[in-house]
Amino acid sequence: MDLPKRKTDIGPPNYRDFLPPVISKNYGDWKYHEVLSPGVMVHHAGSGEKIWTVRVASPRLLSTDTVRELADIADKYCGGYLRFTTRNNVEFLVSDEAMLCPLQLELNDKKYMIGGIGPRISNIVHTQGWVHCHSAATDASGLVKALMDEFADYFTTKELPNKVRLAVACCTNMCGAVHCSDIALVAIHRKAPKVNHDSVKNTCELPSTIAACPTGAISPDSSKKSVKINDDKCMYCGNCFTVCSCLEINNPDFDGVAIVAGGKVGSLRSDPKFSRLVVPFIKNNPPRWPEVVEAVSNILDAYAAGAKKHERVGEWIERIGWEKFFRITGLKFTYQHIDDFTIARETFRTSAAFKW
Amino acid sequence: MSTESDTPLLDELEKGPFPSFVSEIKKAAAKNKMALDELKQLEKSYRDKRGYWKHGGIVGIRGYGSGIIGRHSSLPQEFPGVADFHTVRVNSVSGFFYTSDSLRQICDIWDRHGSGLLNMHGSTGDIILLGTSTEKLEPVFAEFSSRGWDLGGSGSSLRTPSCCIGPARCEWANIDTLDIIYNLTQEFQDEMHRPAFPYKFKIKAAGCAVDCIGAIARADCSIIGTWRGHIVVDQSAVAEYAKQGMDIQAEIVNLCPTGCMVYDGRELYINDEDCSRCMHCISRMTKALRPAGEKGATILIGSKAPFVIGATLSWVLVPFMKLEPPYDEFKALLKKIWEYWDEHGKNRERLGELVIRRGMREFLEFVGVKPSPQQVKEPRRDPFFYWKDEDFRRQ
Amino acid sequence: MDKEELKKRIFELVEKSVGKKKLKSSDIQKIISADTGVARDYVKSALRNLVDDGTLIYTYFGGSFVEIPSKE
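Protein chains in written order, with my numbering: chain V, 13 to 368; chain U, -17 to 377; chain P, 142 to 213.
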């Protein structure tokens, strides 16, 4: 088959060609919006015109069959217009109010989960995991599926004090940037990489491999024209593996998942926050990681019970104090929780006023 | 006849209410050998609790150094369908808007030349086409580029810029995030496709401080819309919220971080001078409160995930900049930032790490931004600091 | 400097570095520009020609580099 002629540096298509007419007409003139139900909202323009949005969950990893189905649904009810959210939800953009009901009926019929708007759990941002990544220490999609099955009600109906943003990163490279999420999972290693000296010699640049280590654990091994690793200094971050793949860091017997909590990106009420370590390790237990799901449920339940309206997880924890957080969740506090990396001294308690 | 499944572990993940990625892989596998071996290899990963992928590092399309990420199975004999299973990053549309026809076009090309599996979207915001062979890369690119699509960034390049939904469907947008991102993406095609930076560089634009795109946490340059002026209060709408049961004192006034609001049971007063524009009150009372005055953006730099020195959030570089087409002032600043990074950055050193390593002063002087209290949470604590001769002359 | 001559200089630099240090596009631009006195943009455009015709390729393992394609 003849191929069409390639073009370079044309950039993406212009978004203006992809906007529903009611959006083009009222671009920049939206006045307010109302959340009509957990998965439906309406935006009102200065002109008096409206656009309705129906949000459904997606697993992020899609087959072309499913994308075509989404396109067909959009044709039927939305004049062919739809979009995706930052968190991989699908949003059907409805210009004709009469289409709202039949659209939702068809979505329900086809088993789509409608929801995710307002003080709820929206889709989980995540990475490729074992599906497609060379450095994954867990499978992101599987963890997400297990968690979202458990929390489905918080997507479709039930409310929380505020929105709860979950994320999963399948290694500490954190393509999913989970470091500012309400509750996030990050897969970690716990053993220093094994050095395959023969391949290091042939494939890796020693200076950049040595420079990749944040703790100075890697040094030259001149006799072998390779590198050696000081196991005591290694924090198992895996950055060296990204530069030199002959430093095998995957170790199924020791790899697993850490849980971090209390982060957010918005500036509402309080500054954006990093997520902090709450559970240092849970072993990989596919296909459904029940121990991870239970631990996240525990944190979520404590938040739902204790937080005031509008408080995000991090705001709630800061109000009650981390010491109380560990008490009421029953999570074990360990050596691993105390920072001994670049910002350690900022994290020590410099006051005698605290709770028991 | 055996009814036993080849994928008993993954089958477990087809149960439950949330849409199943396993069902998606199976749908693709029903008509595509690559997807079938993806499924089988994944089952093995679930059994052995480890991944079986190797990073490529070489394959790409002619002339570009980004947009393709080479990926190979480490078990090619066992899973020949994914011996080569490269990622193609296609630059998404600003605001992630699509038409049904454009999605079908993507599917048609990907069914012809790839696994039939894709992400809408990856973390950076590209359309991620998941898995094809080396010889299919040029055909995939020809098919896409001839129809108006281009590849996104990867490697040490400008990564695909992305934005929140902005003025397309949000009343809080202070800047035209979609246009800014489209304009920047078009302007800096060379920086995206021919990696010449020390490391990756991400740009994200959010219309306000709610930051639905997470710009402050995951962009080397974060553009966050804001305004200089005041908040217009519609007192009748305030009364309406109260009537509907909102406890304005508890939910709005008491949660204001600056204490700049008073509610007397009938009307809401805001001392605009003390407002930090955090967006809490506006987001909860969107019918009653609106930003007014000069619209623009705060430009921040430096956020990234933990490698190497620990995660960072972006910090303020320019407290306020007007952002209107053709965005010349911002582009000039960006070019100065890149020039500084080019001069001093080491391989794989992100901009934020570099500025932390060498100090803000040198950076500010280089890019031509004056020091201001808006750039810091607090001034330094220690009494030792650098002086330059020019500081003495200035006094 | 004649562009063909410049391209030759770039290729030789990359060739000389094989097995010693992988060069980034910016390394090449800086080195050649300093050695020849030619403006960086001109070096960049010569480098682009070399990549466009496949004489050199971009690689990306632990950073993006410019290398000579392997013969396989």
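Simulated from the structure, these hints should not be mistaken for lab results.
Just so it is clear, CB atoms sit at the ideal spot from N, CA and C, and this is done for glycine as well.
Honestly, I wouldn't trust all of these hints.
Ranges of calculated distance between the beta carbons of each label pair, as one might list FRET restraints [what the hints assert, rightly or not]: (1) V:Glu46 with U:Gly247: 34 to 40 Å; (2) V:Arg28 with U:Arg248: 55 to 61 Å; (3) V:Ala364 with U:Gln168: 54 to 60 Å.
The list that follows gives simulated cross-link-like pairs (lysine-lysine, BS3-like), each with its CA atoms no further than 25 Å apart [to be verified]: (4) V:Lys88 with U:Lys31; (5) U:Lys36 with V:Lys240; (6) U:Lys269 with V:Lys175; (7) U:Lys31 with V:Lys43; (8) P:Lys171 with U:Lys328; (9) V:Lys19 with P:Lys185; (10) V:Lys170 with U:Lys(-3); (11) V:Lys206 with U:Lys277; (12) U:Lys277 with V:Lys43; (13) P:Lys171 with U:Lys313; (14) V:Lys236 with P:Lys157; (15) P:Lys162 with V:Lys236; (16) V:Lys237 with P:Lys161; (17) V:Lys240 with P:Lys171; (18) U:Lys277 with V:Lys37; (19) U:Lys269 with V:Lys43; (20) V:Lys295 with U:Lys22; (21) V:Lys213 with P:Lys157; (22) U:Lys352 with V:Lys321; (23) U:Lys225 with V:Lys321; (24) U:Lys328 with V:Lys213; (25) U:Lys328 with V:Lys17; (26) U:Lys13 with V:Lys122; (27) V:Lys295 with U:Lys359.
These are the hints, each one checked on the structure:
1. At about 25 Å, the CB distance of V:Glu46 to U:Gly247 disagrees with the hint of 34 to 40 Å.
2. Restraint check, V:Arg28 to U:Arg248: a C-beta distance of roughly 44 Å breaks the suggested window 55 to 61 Å.
3. Distance hint for V:Ala364 and U:Gln168: a CB-CB separation of about 58 Å, consistent with the stated range 54 to 60 Å.
4. Simply put, V:Lys88 and U:Lys31 have alpha-carbon atoms about 43 Å apart, too far for the 25 Å limit, and the pair is violated.
5. With a C-alpha separation of about 22 Å, the suggested pairing of U:Lys36 with V:Lys240 holds against the 25 Å cut-off.
6. A distance of roughly 20 Å separates the Cα atoms of U:Lys269 and V:Lys175; the hinted pair therefore holds under the 25 Å criterion.
7. Between U:Lys31 and V:Lys43 the alpha-carbon distance is near 51 Å, which puts this suggested pair outside the 25 Å criterion.
8. For the proposed pair P:Lys171 and U:Lys328, the alpha carbon gap of about 14 Å is at most 25 Å, so the pair holds.
9. Between V:Lys19 and P:Lys185 the CA atoms are separated by roughly 20 Å; this keeps the pair inside 25 Å, and the hint holds.
10. Between V:Lys170 and U:Lys(-3) the CA atoms are separated by roughly 21 Å; this keeps the pair inside 25 Å, and the hint holds.
11. Our distance criterion of 25 Å between C-alpha atoms is broken by V:Lys206 and U:Lys277, whose separation comes to about 54 Å.
12. Between U:Lys277 and V:Lys43 the alpha-carbon distance is near 16 Å, which keeps this suggested pair within the 25 Å criterion.
13. A distance of roughly 23 Å separates the Cα atoms of P:Lys171 and U:Lys313; the hinted pair therefore holds under the 25 Å criterion.
14. Among the hinted pairs, V:Lys236 with P:Lys157 is consistent with the structure: their alpha-carbon atoms are about 24 Å apart, no more than 25 Å.
15. A hinted pair counts as satisfied when its Cα atoms are at most 25 Å apart, and P:Lys162 with V:Lys236 qualifies at roughly 19 Å.
16. In summary, the hint linking V:Lys237 to P:Lys161 is supported, as the alpha carbons are separated by about 13 Å, within the 25 Å threshold.
17. For the proposed pair V:Lys240 and P:Lys171, the alpha carbon gap of about 33 Å is over 25 Å, so the pair is violated.
18. For the hint linking U:Lys277 to V:Lys37, the alpha-carbon distance of about 21 Å falls within 25 Å, and the restraint holds.
19. Taking the CA atoms of U:Lys269 and V:Lys43, the gap is about 7 Å. The hint holds against a cut of 25 Å.
20. For the hint pairing V:Lys295 with U:Lys22, the CA-to-CA distance comes to about 23 Å; that is within 25 Å, so the pair holds.
21. Pair hint V:Lys213 plus P:Lys157 holds up; C-alpha atoms about 19 Å apart against a cutoff of 25 Å.
22. Between U:Lys352 and V:Lys321 the alpha-carbon distance is near 40 Å, which puts this suggested pair outside the 25 Å criterion.
23. For the hint pairing U:Lys225 with V:Lys321, the CA-to-CA distance comes to about 18 Å; that is within 25 Å, so the pair holds.
24. A C-alpha spacing of about 23 Å is found between U:Lys328 and V:Lys213, which places the hinted pair at or below 25 Å, so the restraint holds.
25. Under the criterion of a C-alpha separation no larger than 25 Å, the hint pairing U:Lys328 with V:Lys17 is inconsistent with the structure, at around 38 Å.
26. The hinted pair formed by U:Lys13 and V:Lys122 meets the criterion: a straight-line CA distance of about 21 Å does not exceed 25 Å.
27. About 39 Å separates the Cα atoms of V:Lys295 and U:Lys359, which puts this hinted pair outside 25 Å; it is violated.
Checked against the numbered hints given earlier, the structure breaks hints 1, 2, 4, 7, 11, 17, 22, 25 and 27 and satisfies all the rest.
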